[in-house]
Amino acid sequence: MNTASHAVSDTFTMLRRNFKNQLRYPTSVIAIVGIPVLFLLLFVYVFGGALGTAVTGAPAGRPEYVNYILPGLIIMTAATGSLGAATSTSVDMTEGIIARFKTMAIFRPSILIARVISYVTQTLASMALVLGVALLMGFSPDASFVDWIAAVGLLALASFALTWLGIAFGLAAKTLDTASNLPFPLILLPFVGSGVVPTESMPAGLRQFAENQPFTPIIETLRGLLLGTHIGHSGILAISWCVGIAVVGFCWALKAFARDRTR
Amino acid sequence: MTINKTPLAIKVTGLRKSHGDQVVLNGIDLDIPEGSVFSLLGPNGAGKTTAVKILSTLTTPDAGTVTINGHDLAGDPDGVRASIGVTGQFSAVDILLTGVENLRLMVDLGHLDRRVGRQRCAELIDQFDLGEVARKPVVTYSGGTRRRLDLAMTLVGAPRIIFLDEPTTGLDPRARRTTWQVIRDLVADGVTIFLTTQYLEEADQLADQLAVLDHGRLIAEGTPEELKGRVPGGSISLNFATATALNDAVRALGGQSIRNDDDLSLQIPSDGSALAVQGVLNRLDIGSIRNLSLHTPDLDDVFLALTGKPSTNEKKDQEDQQ
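Taken in order, these protein sequences are the chains called A and B. Our numbering numbers the first residue of the first sequence as 25 and each following residue consecutively. Our numbering numbers the first residue of the second sequence as 3 and each following residue consecutively.
For reference, chain B alone in the conformation it holds in the complex (with noise of 0.2 Å):
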């Protein structure tokens, strides 16, 4: 990983973890330094949630050392448990209390003063907007209220350092934009977030760095932009408006381009540069195309060249984009 001068609010070295004789975790290390955003990204069963669960000290890793804001994870657990704040993928919160009473239950098992801490509640039901419901029981909440007050109860005692595991899955688009806003919010104030996620749109949203978990191995680590540049280039999408149109870009082009019938298309391998455009437009009709699209190396280019699959989520990706 690049280095770094800040001190590192996470440092792991050689975590190991296997559920029977199935290896989990092959090794990991890593150095994420404080105030930074680190994306762990990975299809489903790659090991994720069990580096969060390993981390947030809820699973005691086979081997490896973590060291957590200053605490060594084995050494001093609760002295990690004072600095982190966990979101998990499953909502944590009491859905027979109330959402105030849920962040008030944080401000105590926190161990806040009564007067911060009820400031405290009041801030994050505004920031969350949560206001109208505050005082209803949560099991009459819907699916992306609870997950909004679980992440402000993970908030409640300020933490340092947060996990978030999958935090936008089941939200819909706006809602997930919100949750971003959030983040970077956090980030501006000086905390760290160690995020894990599906969605490859969100780490390149967010990450300052970021690592790709396949079969409890980190095959890839680094910035977004460094990850995109490890993909063989990008293509020129070109639309027309009839066959024969398409036909006489394909005689024009020669060999190099794929041509789709259905929609009338065709693709042509570039570097995305206005000189390349240029020339492709040149040798064209130019009157005979519909649109013209660039398409760039996108972090789901990245995970099909590195696993040799498509991202599980690659489709939905795409529709949430819209």
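The following block holds chain A by itself, in its conformation from the complex (with noise of 0.2 Å):
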């Protein structure tokens, strides 16, 4: 029997079951949405004034820290939306009804492959809500067209990454506590980079981790794509990251999948 005469429309079917689940169960949006835009607020109205004046140089800080914080919070947020993926996976896992997915002769990469997409999908709507409070706090980007299209790209793509690695998490935890501790480190990896203040302010040791980890070549990238700052070769940088991550999270996952986790 070949089940891959199947593949799109049992990749369609499980798709449809997973976008129900999460408009019907939308509290890990509101995480994944949540924290980013906590502190986007907190460092904007808290920080703010401070941190912008030191950061940007402007006599009125706080204004032009919004856009020099935005790049990484966005960012951020496919890293708390890889902790929603790990999480919603480890539960599913957990609940008899993959092992039944398993016993019936469907195409197995579509329960991967439909949960990529919607993961995918759930992020870039989360950071689309985080561009808009950032738009009404005062974010004005400075991006062509070709601009807008090239930074919704680098977002798909690390989301897409950090999703797979999301999933790994979710698929290779035993419980559902080391599912969602795992991809904790993400979530800070923004501020251990250039996503709040320069690299350059950092002493030594801790500067060469910020500027050598994936997150701070994504958030400069991003940075120049949507404020026009000087990208180099953090563009290269940042999608060999992306892709290497991915590929990553993809080969992890594959294993994760194949071993029995039912009781």
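Because the hints were derived from the structure by calculation, they are not lab data. The structure displayed is predicted, hence computed values, not measured ones. Please note: incorrect hints may appear among the correct ones.
Here are the simulated EDC-like pairs of lysine to aspartate or glutamate, each with C-alpha atoms no more than 20 Å apart in a straight line [stated by the list, open to error]:
1. A/44 - B/103
2. B/230 - B/302
3. A/44 - B/110
4. A/279 - B/64
5. B/138 - B/125
6. A/198 - A/119
From these two lone chains plus the hints, build me the complex, please.
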């Protein structure tokens, strides 16, 4: 029997299930959007007055600081999306329904493919919400149409990579607690990079880490696209990191999915 | 096992599985004819669920060959999957979807024609008495209703072979009887049932063939009657109105009876024939006997005799029978 002939229809069926679940249980979207928005409010209104002047050199720093911090927090949304993917994957795997799917003559990869598509969609929608809040707070991008297309493409790629990693966490973790703890460092990585302050202001060891971790080139590329700052070789680094993370997450997820999780 | 001319739905030879250095299945052979109910019995941890997981393609065995509905498990798992339906111990429903949506999910994943599928869903909703809740999210269902939906979902694709892993665990006696009727109806349509259970009464009620699994080995196989025949005799149980009457009876019958002073009863080993009962009664003052009951060996006795320990749910079984 060849189940590949059902690849498209099975993927659509799984997608329909996932989207319905997301719409009926929007708690994860609230967390995915809530964490970056909370940091946005905190950094702009609490620290923004002081940090803005220090970071941008403008006398009234707060409005300028919204522009500086937004790229980092949009990328943080990819990380909170990854956390959402990890937790809901973990919950789903412990329910019997996935075992039921595995005993049916379906195109098995559709379970993971639909999952990735629905989580990336969820993360991109969440990013749009974060961007909306930032616009209300005075974010003023300086980007052409082509820049926007490139920015969305970069965000989709970053979400794709971190979603695969999140799914792998969710599949590999034995408990829900582990699944929700594993992606947590990802959420904090934009802070230990160029997300809230330039890396030049950091002490030597930390600065080296900050400049060479994956989030910094992604943030710098996004900042360049949206605000016209210098991108340089950050663009190619950002894409390489995303592809690398996606490949690792993908392989890990496949391996963990093949393993028997049913009790 | 018995020689049967009907084709085999499931053939298992030399099935082995270990988790680490713990042997879970230690060489299992099974021949299950089409349209029959086979029941795998065993205490918790005997390996029943592992056997179901292997046969339903969720886990791969370490050794052995399995053929299901003519498809080799190792070579054509999708062929096997297309022939089977599985209801496991843990409910396999999507709790955020409604009952109807869960059934439709099975229609689409079973690649059924939409129109046929809709009709099938309507029939199952009717058969499993899900009409009132069909449009509500499953998260609002009671445990018993979820299990009914679970079983209905398994039947959407009209599978020829159905695995039921402890399908009635946790159900009330009425729901259990409903499930039994569903199983009987399926068998009448020629479906083969592979049933695991801890309830010996359930196996006794439903199974054509049964096997007892203990420590990864099949320690007994046969029809329920054959297995019961392997256990030494039953007994006559007498209940007396007074302690004096009990004492008189013990004196009259001699040493072969077992007395219980708490409930003033006496157990006399017997094959349960009318002649034997008459023989006992003739030696007693019939007026002093409050009631009499016959105990024929049931599968609990078989279990005890074979494994050296009572079945895990013996007590619960007796309660449920009342």
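Item to check | Structure-inconsistent hints, enumerated in ascending order | outcome: none
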